[in-house]
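Chemist: Those sequence lines, one after another, are chains F and D.
Straight run, no breaks: the first sequence in this note's numbering ends on number 151.
Straight run, no breaks: the second sequence in this note's numbering ends on number 383.
Worth flagging that the hints you see were computed from the coordinates, not collected in a lab.
Computed from a predicted structure; not experimentally measured.
For glycine and all other residues, C-beta sits at the position ideal for the given N, C-alpha and C.
Take the hints with a grain of salt, since some may be wrong.
Away from chain F, derived, C-beta distances all over 12 Å, residues of chain D [said to hold, decoys possible]:
no., residue
1, Arg170
2, Val190
3, Val197
4, Ala198
5, Val243
6, Arg245
7, Val255
8, Thr271
9, Pro280
10, Val281
11, Asn300
12, Gly337
13, Pro343
14, Gln347
15, Ile357
16, Arg363
Facing chain F, from chain D, some residues (calculated, C-beta under 8 Å) [as the list claims (entries may be wrong)]:
no., residue
17, Ile226
18, Thr229
19, Gly233
20, Tyr314
21, Arg315
22, Asn318
23, Arg341
24, Leu342
25, Arg344
26, Leu345
27, Val349
28, Asn350
29, Pro354
30, Leu359
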Amino acid sequence: MKKRFFAIVPATVLATGLMLLTGVSQASDDGGLATLRGAPVSASEKSPTGDGLKKAIETEPVERNYLDQPPVISHAIDDYRITKDANKCLDCHSVENYKKEKATRVSKTHFEAYDGKTLANVSSRRQFCTQCHIPQTDAKPLVPNTFQHAK
Amino acid sequence: MGTDPSVKVSASDRPGKRRGERKRIISISVMVTFVLGIVFAGVFNVALDWTNQEEFCLFCHEMKDNVYREYQTTIHYTNRTGVRAVCADCHVPREFVPKLIRKVKAAKEVWHKILGTIDTPEKFAEYRPVIAQNEWKRMKDNNSQECRNCHDPKFFDFSQQGYRSVNQHQVGLLAKGQACIDCHKGVAHRLPRLDQGVNLADPTGISLEIFRPPVPAKETPLTGETTTESAK
Ligand code: HEC
Ligand code: HEC
Ligand code: HEC
Ligand code: HEC
Ligand code: HEC
């Protein structure tokens, strides 16, 4: 029992030393690069801790920060599926339905086809709304920044 | 009576007794039929309920590979509280007679299972518009009773609902008496192809009049009563 214990101690010390060494050499391999969250580039990303997944907030439309910004979505979009066959967003935001739903009508820019022609209705260029529009949450910026929206 | 030893009359042959006996036989057989009826109805109901289990629906790969997968990402499969709605909660009425009717109609589904009408994802997609519209019609005709078995608009707490929900529920649901399915299509599965006019009108898709049936013009008082009454 005692013998084995004395064998384990140097082994652990050796292993820790090796791990430290490889860790250090890895960090120096990053060539001065760093990730936004400060972790080494080669490290696997830590899952965010603390307040978990942020839920979208349901509010009045959120103020836009600059001209031609795709407005953030002012409501949750869980379970709203967009497939090649059906678009849940258009169920409320389409030209036909927006009034009944008291929703914002998609703007005219969304009618423009690939060739620049304006169609009578939404173009398939805009089928996947969540390419450009995302729900608003009260998440704090991960990194401080000095952005100020246009006055 | 019965004093002459040459004429043997057994006690049961006496007219009075015989009438009593017949009565007893009738009442016993009525009782037996009654009990058997209850047992049979009970067993039958248990058998019907057995086919209501989620596992039963998933015997068929047609369900498991298509609609079940889609449903797994929705709130009725998994949510914060773990209270779920399984297939039968939405697709089979709870009341005995409507349940029976639905189960008899399911014979057609068994037939199509044998024929292999929807046994590949492509065939399923092709038939989805038809099946979905059947289900929309059923849920419209019974005023979405299955949804109401769990969600009772009388107990909606509007201070807790999102403001889009409140707007639509107070007007569409309570005042105009629309059925849940009029607005909540595709709660559990992916929608069939719709004609939403993206790029061009698409005649292969389901038209807006079917997907979003016109709102009835009549205004009824702001109570849940009118909507629940039309369900009966
Ligand atoms: C059930 C109806 C409904 C559905 C479905 C829906 N929305 Fe909305 N949306 C609304 C309503 C109502 C508003 C709020 C409009 C207001 O209050 O002025 C809104 C607001 C928005 C806004 C903000 C508009 C602005 O002017 O700032 C965006 C962007 C938006 N939705 C995008 C989407 C996208 C993308 C989807 C699909 C993922 C979607 N919506 C699905 C009803 C809906
Ligand atoms: C390619 C990016 C892109 C896609 C895809 C897109 N949008 Fe937009 N959307 C924008 C931009 C940019 C604006 C703001 C400028 C404007 O009005 O065109 C906007 C504006 C809007 C507005 C506000 C209109 C207004 O009058 O204020 C709504 C509502 C909206 N989009 C809904 C949708 C919906 C619904 C879809 C999906 C069918 C969609 N968008 C797809 C980029 C996009
Ligand atoms: C077996 C009971 C049951 C049945 C039947 C049922 N639901 Fe639900 N429903 C629930 C539960 C439980 C939730 C989740 C509540 C929660 O966790 O917030 C829910 C949530 C919802 C939500 C909220 C979605 C969201 O993202 O917040 C909608 C909308 C809804 N159901 C509509 C329907 C419709 C329409 C039907 C009929 C086709 C129906 N439900 C049938 C139990 C049921
Ligand atoms: C006139 C259209 C309409 C009708 C009819 C309707 N709903 Fe809704 N419901 C909505 C809209 C719009 C929302 C909010 C957007 C969303 O969740 O898609 C909503 C949201 C909900 C929610 C989520 C509430 C929240 O804010 O968390 C539940 C639950 C719900 N509906 C159940 C029902 C049930 C049950 C019925 C039938 C008794 C019904 N609805 C009938 C339009 C309707
Ligand atoms: C919350 C209620 C609800 C639950 C739970 C539910 N469904 Fe559905 N189902 C619907 C509605 C509503 C439709 C009508 C089409 C639509 O609106 O998506 C439908 C349609 C269908 C269809 C027709 C094809 C289609 O996609 O339109 C099949 C098949 C089906 N459901 C099977 C199932 C199976 C199997 C389960 C269990 C794994 C299940 N459903 C659970 C509400 C539900």
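Chemist: Tell me the numbers of any earlier hints that the structure contravenes, in ascending order.
Modeler: 9, 12, 13, 14, 15, 16, 18, 19 and 29
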